[in-house]
Amino acid sequence: MKKFLNDPKRVVPELLEGFALAYPEKVRLSGTNTVVRANPKAAGKVRLVTLGGSGHEPGLSGFVGTGMLDCSVAGEIFSAPGAPKCIEALREACAGGKSALLVVLNHAGDVLSANITMEMALREGLNVKMVLTEEDISNPPGDRRGLVGCVAVYKVAGAAAEKGAPLDKCFEIADRMQRNMRTLAVAVRTATHPSTGNPIFELGDDEMEIGMGQHGEAGTGRMQLKTADETAEIMLEKLLEDLGVTPGEELLVLLNGAGATTLMELYLVFRKVAKLLESKGIKLARSIIGEFITTQEQAGFQMMIARMDAELLELWDASADAPFFAKP
Amino acid sequence: MFAGAAKLIQENCDALSQLDCIGGDGDHGAKMLRVMEKLEAAIDPASERGTASLLKEAGWTIMGVDGGASSAILGTLIAGMGDVELGEEIDCGCIARSFDAGLRAVATRTKAKPGDKTMMDALVPAVEALGAAASAGKSIACAMSDAAAAAQMGAESTKDLVARYGRAKYLGEKTLGHPDAGATSIALLFRGFSAALAPEQEN
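Quick mapping for you: the protein sequence lines, in order, are chains A and B. Reminder that position 187 of the first sequence reads as 187 in this note's numbering, one-by-one numbering, no gaps. Residues are numbered in this note's numbering as their position in the second sequence, beginning at 1, plus a constant of 1000.
These are computed hints drawn from the structure, not numbers from a lab. Ideal Cβ positions, reconstructed from N, Cα and C, are used throughout, including at glycine. Accuracy of the hints is not assured; some may be wrong.
Have a look at the derived ranges for each label pair, beta carbon to beta carbon [as the list claims (entries may be wrong)]: (1) A:S319 x B:R1164: 39 to 47 Å; (2) A:E14 x B:E1037: 16 to 24 Å; (3) B:A1107 x A:P24: 39 to 47 Å; (4) A:R123 x B:E1037: 26 to 34 Å; (5) B:G1087 x A:N198: 41 to 49 Å; (6) A:G164 x B:A1107: 38 to 46 Å.
In silico lysine-lysine, DSS-like type, Cα no more than 25 Å apart, as pairs [claimed, not checked]: (7) A:K226 x B:K1174; (8) A:K129 x A:K163; (9) A:K238 x A:K275; (10) A:K327 x A:K163; (11) B:K1111 x A:K129; (12) B:K1169 x A:K238; (13) A:K238 x A:K226; (14) B:K1113 x B:K1169; (15) B:K1174 x B:K1159.
Work out the full structure: start from the sequences and follow the hints.
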């Protein structure tokens, strides 16, 4: 493993420190391994809090900023943070009668921590609601992981909160976005775990795996590597079918590079997606390509589609200013 | 007792991580090391506070290790053990009740049961063995030795199971033939407890 590291045991506090030092006008560190906005929003507005393992940078702390997250609690590499840090973050966010929406990605550790945290929060009378993202289609409903779709939830719910919407409304927006988005991932080359140096999964030289999770969890479709067009088509068809998209509907399409896949490749994939949508009479309303939730130097990408309505589009378009997600 | 368990985990942490490579991302050993450091530090025999209160705090500190599902479950186990008041005289029945309370706390957090290829495959048999030993009037050392054996059998049995929880469940059949890292570390934990409680006995 050839990575620029110091002591692998200190990777998380050091990476967060570096991140906060790079964007001091937008974020600052709070407590341990927690990132908050440098300039908090007005007291009456709902706070957006999230939690998740590190190693997926810029996710999740890169989305702390105006119009998006107010707080991100970071765990160790690929491991959810424990309830102690999460309840601390919620207490901070809700101090003085403020409200918070906790956005949790469906992974075993994240959900365990979030459940313990929410129980405590409710017992303490904090004004919090929780949204669980579970849009990965590679497993049956009820057993789906939360992948890059969380970014869309942060954006629209964050915009609603910034506009002054009350907690129930922010929750409703987040929930609507969650229910109307679907993601599918593909991996072609493994990453190495920064703490252990070990590869996180194995894949043959000419193989790709559709449906792989964010930490190397197996998907359902290991096959020979296909072209950009073929891969795009396979994935888009599955997503459209699962979401039940019909002609005339409007979609947001997000392509998320896993860390080692080039923009060149993502552009090729997107090209096919756009052409396919057009041929089906489905409107490509908004699109975005980038690296939002990576898995170290894994090669592959996640394709996310979301059914948009007028309100969600307006919230998607609203301005935001986080280090790794900004709209004027 | 906790120090004995910590030592055993330390000696085996690389092996644990290796196991975790198949079903997970290979960092279970490192996580368990962090958990045991906190556990050892928290259960201070010189402390004036009651054991139950120390256990509750230790459980919370373990969750603070940020080790995902592993530290959440272990933290819940230890904190749950603190739900039972332990008086001045700790006998086998007390120990059994304490671990049982811990197990019940864990059961409120997860639906995983023996057979799902998780820590529960080692934890449930261990706690049952403690209960049986206590009912049979055995000494604490004997009871813990029974528990360690039961946990070991449970952990080994996970080799032939397909994972149904956690990250490993997405690997399906690929997890067959390899024991679960979490169950293995629970077995090590109980073996460490047993070793510490019975230094004159052979392990």
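**Request:** Against the earlier hints, flag every one the structure doesn't satisfy and list their numbers going up.
**Result:** Failing hints: none at all.
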